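Engineer: Here's the letter readout for the chains.
2 protein chains.
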Amino acid sequence: MAEEVTRVMVAVNESSIKGYPHPSISSKGAFDWTINKIVRDNVSAFNLLFLHVQVPDEDGFDDMDSIFASPDDFKNMNQRDRIRGVHLLEYFINRCHEIGVVCQAWIMHGDPKEVICHEVKRLRPDLLVVGSRGLGPFQKVFVGTVSEFCWKHAECPVISIKRKPDETPQDPVDD
Amino acid sequence: MAEEVTRVMVAVNESSIKGYPHPSISSKGAFDWTINKIVRDNVSAFNLLFLHVQVPDEDGFDDMDSIFASPDDFKNMNQRDRIRGVHLLEYFINRCHEIGVVCQAWIMHGDPKEVICHEVKRLRPDLLVVGSRGLGPFQKVFVGTVSEFCWKHAECPVISIKRKPDETPQDPVDD
Numbered sequence: 001m002a003e004e005v006t007r008v009m010v011a012v013n014e015s016s017i018k019g020y021p022h023p024s025i026s027s028k029g030a031f032d033w034t035i036n037k038i039v040r041d042n043v044s045a046f047n048l049l050f051l052h053v054q055v056p057d058e059d060g061f062d063d064m065d066s067i068f069a070s071p072d073d074f075k076n077m078n079q080r081d082r083i084r085g086v087h088l089l090e091y092f093i094n095r096c097h098e099i100g101v102v103c104q105a106w107i108m109h110g111d112p113k114e115v116i117c118h119e120v121k122r123l124r125p126d127l128l129v130v131g132s133r134g135l136g137p138f139q140k141v142f143v144g145t146v147s148e149f150c151w152k153h154a155e156c157p158v159i160s161i162k163r164k165p166d167e168t169p170q171d172p173v174d175d
Numbered sequence: 001m002a003e004e005v006t007r008v009m010v011a012v013n014e015s016s017i018k019g020y021p022h023p024s025i026s027s028k029g030a031f032d033w034t035i036n037k038i039v040r041d042n043v044s045a046f047n048l049l050f051l052h053v054q055v056p057d058e059d060g061f062d063d064m065d066s067i068f069a070s071p072d073d074f075k076n077m078n079q080r081d082r083i084r085g086v087h088l089l090e091y092f093i094n095r096c097h098e099i100g101v102v103c104q105a106w107i108m109h110g111d112p113k114e115v116i117c118h119e120v121k122r123l124r125p126d127l128l129v130v131g132s133r134g135l136g137p138f139q140k141v142f143v144g145t146v147s148e149f150c151w152k153h154a155e156c157p158v159i160s161i162k163r164k165p166d167e168t169p170q171d172p173v174d175d
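These protein sequence lines map, in sequence, to chains A and B. Here the first sequence stands for residues 1 to 175, where the numbers follow UniProt numbering. Here the second sequence stands for residues 1 to 175, where the numbers follow UniProt numbering.
Derived from the structure by calculation, the hints contain no laboratory data. Note that the structure is predicted; figures quoted are calculated from it, not measured. Idealized CB from N, CA, C, for every residue including glycine. Hints are not guaranteed to be accurate.
As a list, the in silico EDC-like pairs of lysine to aspartate or glutamate whose alpha-carbon atoms are at most 16 Å apart [to be verified]: (1) A/K162 to B/E155; (2) B/K162 to A/D126; (3) B/K164 to A/D126; (4) B/K162 to A/D174; (5) A/K164 to B/D126; (6) A/K162 to A/D174; (7) B/K121 to B/D73.
Covered stretches of chain A (chain B as the covering partner; in silico rule of three or more C-beta atoms under 8 Å from a C-beta of chain B) [as the list claims (entries may be wrong)]: (8) 29 to 38; (9) 155 to 167.
All chains, full assembly: derive it from the sequences and hints.
Structural biologist: Okay, structure coming up:
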């Protein structure tokens with residue numbers, strides 16, 4: 001049967017709810033699903049690749065508190081974003097380490113859907129897993145969905161894992 | 001980790017090219033991918049559920065040869081369809097048996113995309129795998145795609161496995 005490991009790319013992002021770089025509900029759901037339903041106890045047969053795409057404009061909702069007065073302020077902001085991204089990836093790497101599955105993780109900047117498809121092209125994983133908020137058609141018009149774009153354009157099979165209804169926050173656009 | 005087996009539903013159909021009930025190129029590709037990339041050698045952790053949906057009007061392209069003169073002619077046709085469907089499922093069941101993965105298979109009638117989503121609702125698999133011809137947007141307008149409908153409407157995660165470019169027949173609508 002298959003000789004090489006199955007390489008699963010998981011696109012992860014921060015929660016829009018909490019103040020600290022926790023993973024979003026849908027990222028966490030996508031990861032848990034991948035481990036529980038696909039990897040299971042066959043940990044040596046899979047590699048996980050965690051990609052976090054930071055969106056410069058939307059990343060820190062506490063930018064409201066920022067006053068930019070000098071180039072250093074921007075430098076500090078970039079530094080803070082970097083730290084938040086690293087913390088996020090640390091969560092997933094720690095989980096993989098506990099489970100015993102080999103992984104790697106990295107941060108990119110740009111439009112998540114474009115960057116994810118570009119990284120799929122570059123790294124050729126066997127499978128891309130993305131979380132989805134499971135929004136209705138009306139909400140999608142305004143917020144767009146990364147998962148739908150990736151499903152259509154990524155050059156590998158894509159699984160989109162919808163958030164469980166009981167985990168949906170009060171505002172379903174939050175995650 | 002996960003205690004229960006992972007139940008993977010695979011939607012399969014006949015080839016439109018050959019005269020005998022061989023699986024379509026994309027069904028075979030979806031099955032091979034599932035075994036090689038997901039199940040691997042962890043065969044006791046997965047159950048495969050093969051669903052074949054027969055479309056009464058499109059099923060036998062050799063209906064051109066059929067002359068219907070009595071109710072028995074329809075009965076014979078139904079009987080022939082049944083045999084073709086059983087042969088198709090036999091291929092996948094034999095493959096699973098060789099590999100050592102538990103499976104079951106059944107035939108339904110109707111519009112494949114609707115029936116597949118209905119069966120997902122009824123049986124609640126962990127994952128639905130469908131083959132896809134990987135048609136372009138222009139071709140899709142005329143032939144529709146089961147995979148896209150299922151991805152949007154099935155109440156479980158869906159993977160669509162695109163046919164490999166080197167397996168695409170002369171007419172890409174064929175499969």
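Engineer: Each hint: holds or not?
Structural biologist: Here's how the hints hold up against the structure:
no. : hint             : in the structure
1   : A/K162 to B/E155 : holds (9 Å)
2   : B/K162 to A/D126 : holds (12 Å)
3   : B/K164 to A/D126 : holds (13 Å)
4   : B/K162 to A/D174 : violated (32 Å)
5   : A/K164 to B/D126 : holds (13 Å)
6   : A/K162 to A/D174 : holds (14 Å)
7   : B/K121 to B/D73  : violated (35 Å)
8   : 29 to 38         : holds (count 5)
9   : 155 to 167       : holds (count 6)
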